[in-house]
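Residue numbers (the numbering used here), protein chains in the order written: chain A, 38 to 208; chain B, 410 to 506.
By construction, these hints were calculated from the structure, which means they are not laboratory data.
Heads up, some of the hints might be wrong.
[Unchecked claim] A few chain B residues that face chain A, going by a derived Cβ cut-off under 7 Å, partial list only:
#1 449
#2 483
#3 492
[As the list claims (entries may be wrong)] Under the rule of at most 25 Å between Cα atoms (straight-line distance), these lysine to any residue pairs were calculated in the SDA-like manner:
#4 499(B) - 442(B)
#5 205(A) - 474(B)
#6 499(B) - 113(A)
#7 205(A) - 416(B)
#8 61(A) - 130(A)
[To be verified] To spell it out: a stretch of chain A is covered by chain B in this simulated footprint if at least three of its residues, at any positions, have a beta carbon under 8 Å from a beta carbon of chain B; those stretches are:
#9 46-57
#10 77-83
#11 96-102
#12 127-138
#13 159-171
Where is the CB? At the ideal position from N, CA and C, for every residue including glycine.
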Amino acid sequence: MTDLLWWIFASLAIGGGIGTVTRKNPVASLLFLVMSFFSLAAIYVLLGAHFIAAVQVIVYAGAILVLFLFVIMLLNLGHDYHSDLRGGTWVLVGSLAAGIVGWALSTTFAGGIAGGVAGAGATIDASVEELNAVGAIAQPLFRDFLVAFELTSILLLVAIVGAVILAKRRV
Amino acid sequence: MVMHSLILAAILFSIGAAGVVFRRNAIILFLCIELMLNAANLAFVAFSRVAGINGQVFVFFVMTVAAAEAAVGLAIIISIFRLTETVDMKNFNFLRW
Numbered sequence: 038m039t040d041l042l043w044w045i046f047a048s049l050a051i052g053g054g055i056g057t058v059t060r061k062n063p064v065a066s067l068l069f070l071v072m073s074f075f076s077l078a079a080i081y082v083l084l085g086a087h088f089i090a091a092v093q094v095i096v097y098a099g100a101i102l103v104l105f106l107f108v109i110m111l112l113n114l115g116h117d118y119h120s121d122l123r124g125g126t127w128v129l130v131g132s133l134a135a136g137i138v139g140w141a142l143s144t145t146f147a148g149g150i151a152g153g154v155a156g157a158g159a160t161i162d163a164s165v166e167e168l169n170a171v172g173a174i175a176q177p178l179f180r181d182f183l184v185a186f187e188l189t190s191i192l193l194l195v196a197i198v199g200a201v202i203l204a205k206r207r208v
Numbered sequence: 410m411v412m413h414s415l416i417l418a419a420i421l422f423s424i425g426a427a428g429v430v431f432r433r434n435a436i437i438l439f440l441c442i443e444l445m446l447n448a449a450n451l452a453f454v455a456f457s458r459v460a461g462i463n464g465q466v467f468v469f470f471v472m473t474v475a476a477a478e479a480a481v482g483l484a485i486i487i488s489i490f491r492l493t494e495t496v497d498m499k500n501f502n503f504l505r506w
């Protein structure tokens with residue numbers, strides 16, 4: 038059952054990705070990407086990362102992609118149907134580069150699996166059982182990565198200020 | 410399922426990389442970059458099954474960087490759109506000398 042669900046959501050994710058790249062209409066492209074992100078959230082659940090899945094739906098599909106949708110509609114691109122695909126050479130070179138990148142990633146990942154820690158998945162499941170989905174993430178986040186977490190807030194502050202300054206009208 | 414998820418991450422990353430090369434619409438380029446970031450997230454989550462929960466913590470940081478990148482990038486696109494009235498990359502050549 039889990040495997041069947043995995044295959045369904047994986048094909049939805051890949052289909053959404055292909056739709057994002059091929060649709061001419063930016064709004065359709067974005068909605069395909071939302072489908073892809075929802076399927077990825079489902080795959081996170083199947084991998085036992087429940088809290089990540091919730092954050093994926095709320096932050097990614099809910100906030101970041103809606104921001105993109107706002108900008109598409111603000112710039113009035115929704116009925117801009119002329120094709121913006123590049124010519125044949127670009128497509129050839131792009132497919133070749135993408136194929137090489139995918140092959141390199143797959144082989145690297147296969148090597149990474151071999152170097153894994155035995156029983157790490159069972160440890161995570163036990164930790165989720167004991168501390169709930171949020172607590173299992175919160176413990177390493179606020180112990181081992183506290184400095185990085187605080188720096189993240191500075192990054193977001195800089196991004197907010199930068200976005201406001203860049204997007205405001207000339208005075 | 411972990412290995413399958415890693416292959417899926419590689420495929421999604423390739424689709425995103427191909428999209429960045431194929432398309433000229435700046436907003437769709439950003440969408441493809443988001444797709445590549447999500448492929449990286451999927452790889453992190455899948456690896457957390459074999460290497461410990463820290464992989465899931467990294468996904469948070471990737472999401473934060475993605476949010477910051479989307480905000481700043483879209484602000485840049487809006488500001489360029491005011492200047493050129495288009496989001497087509499072929500018109501974005503004023504940094505060229």
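Which of the listed hints are not met by the structure?
1, 3 and 7
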